[in-house]
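Novice: Residues per chain are reported as follows:
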Amino acid sequence: MDELKEVIKNYVSNEYLEPDSDPIDYDTPLISGGIVDSFSMVSLKRFLENKYHIQIPDDKATPEAFDSVNKIAELVKEFVKG
Amino acid sequence: MAYSEEVRKLYQDQIRVMREAGILKEERFICSPQAAEIEVEFPAGSPLKKVINMCANNYLGLSSHPEVIKAAHEGLDRRGFGLSSVRFICGTQDIHRQLEEKMTEFLGTEDTILFPSCMDANAGVFEAILTKEDVIISDRLVHASLIDGIRLCSAMNDTYKHSDLEHLEQKLQMYQDKRLRLVVTDGVFSMDGDAAKLDKMVELCEKYRAMLLVDDSHATGFIGKTGRGTHEKFGVMGKIDVITTTFGKALGGATGGCVSGRKELVEMCRQKARPYLFSNTVAPSIIAGVLKVLDILSATTERRDKLERNTGYWRKGLTEAGFILKEGDTPIVPVMLYNAKLAQEFSIALYEEGIYAIGFFFPVVPQGQARIRTQLSAGHEIHHLDQALEAFIKVGKKFDILHRTKQEITEKYGL
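Taken in order, these protein sequences are the chains called P and W. Its first residue numbered 1, the first sequence is counted upward by one per residue in the working numbering. Its first residue numbered 1, the second sequence is counted upward by one per residue in the working numbering.
FYI, nobody ran anything at the bench for these hints, they're computed from the structure. As the structure is a prediction and not an experimental result, all values here were calculated from the model. Do not take every clue at face value.
[To be verified] Short, incomplete list of chain W residues facing chain P, as computed with Cβ under 7 Å:
1. ASP158
2. THR159
3. SER163
4. MET268
Glycine residues also receive a C-beta, built at the ideal position from the N, C-alpha and C atoms.
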């Protein structure tokens with residue numbers, strides 16, 4: 001699980017943070033905190049789907065479910081388990 | 001009554017919060033034509049004051065050009081005030097088609113379709129040419145009208161970091177499974193004044209089989225050696241699939257815009273773009289005025305050359321005075337202040353010194369990036385710029401921000 005969280009955290013940091021941004025932790029609000037905009041959420045979903053060979057249905061990929069590394073990890077875990 | 005006191009208070013509270021945060025926008029009444037020098041009533045009810053305008057999109061100084069005004073008058077006399085129709089019912093006159101052909105020639109594209117504004121062009125173009133099988137990949141700092149247009153379209157959308165072509169390439173690789181890929185950028189970015197690297201972007205789009213859409217509203221008429229736009233500057237004329245642009249800035253500044261590009265894409269807009277189908281045709285006087293503007297610009301590059309000289313002079317003056325500017329070489333010259341309230345107060349102080357320049361802050365620019373956006377015009381003479389520079393220095397000293405770093409300014413005023 002920690003490895004999964006690190007993968008997500010690294011992806012989000014590389015993808016969305018500017019060089020002078022504060023680092024994020026597992027609980028940093030991503031969407032409600034303005035770090036990830038709703039446009040960009042789609043590439044995060046796609047990255048997770050490709051990396052873990054899963055399909056996250058659109059009705060599960062809500063801004064709330066993607067709002068922190070912890071929440072995203074929970075969501076991914078649900079589908080990896082099958 | 002649906003609009004109860006409770007509802008009224010809800011809105012009053014929201015407005016109060018904006019006012020207290022110093023971010024409530026107030027309009028200033030201009031009682032003269034648009035020009036380098038204008039007469040302004042501000043605050044409302046005050047006597048008129050003559051000020052130098054440093055924030056118009058009147059890049060070429062054509063907004064009140066006598067020949068343009070004369071042509072607009074003739075358009076009014078010969079083709080009437082309005083057409084009371086959308087284009088496809090009975091709102092297309094010969095001059096509408098003439099302007100579409102002239103814009104095609106000016107921009108070096110295949111075909112053009114007019115819209116009531118570039119906001120409408122951007123709102124309509126995406127849904128007209130893409131479906132849910134496609135993907136739009138846009139720069140994160142594109143204009144709000146593009147964002148709205150993308151939201152209205154059923155295609156998947158994603159973004160890349162501002163002008164980061166490596167990131168764009170990753171995204172293009174990621175979406176190779178999509179039917180169509182459309183990369184979207186501003187030609188010149190309206191808030192920062194920097195230009196998209198269109199030569200490199202065209203290469204990437206060719207490599208990954210993507211179409212490229214450029215909103216060139218802050219470039220058409222003056223960027224590039226003959227003012228054709230950002231695609232001319234980067235040597236890629238004929239290689240941009242869609243250009244959207246406006247007549248509301250350099251090209252006379254009245255209203256109207258267009259989508260120009262591959263003829264099939266333009267035809268799709270004519271058939272399907274909702275702001276085109278369901279909004280009135282552009283008024284004849286406007287069309288006649290823009291036709292004259294294109295004649296003037298096709299005859300000589302004098303105006304864009306003067307604008308370029310003015311831009312160099314202004315940037316050099318502000319830099320030497322100790323202001324922090326966004327780097328670039330376009331006539332959009334942002335003076336960085338970072339704090340929203342400081343930007344507002346700076347603007348008011350400039351006005352007292354006879355200079356009209358507006359503060360920009362969130363949500364128009366990102367949080368902590370407040371600024372005074374200055375814009376040059378071919379209508380400015382050197383004495384206007386000298387007077388404006390003197391005022392900027394005086395106000396800069398008053399707020400003690402000259403020769404200060406970003407950190408020093410934000411420590412004093414906050415972000």
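Novice: Check the structure against each numbered hint from earlier and tell me which ones fail, lowest number first.
Specialist: Of the numbered hints given earlier, those the structure breaks are 3 and 4, listed in rising order.
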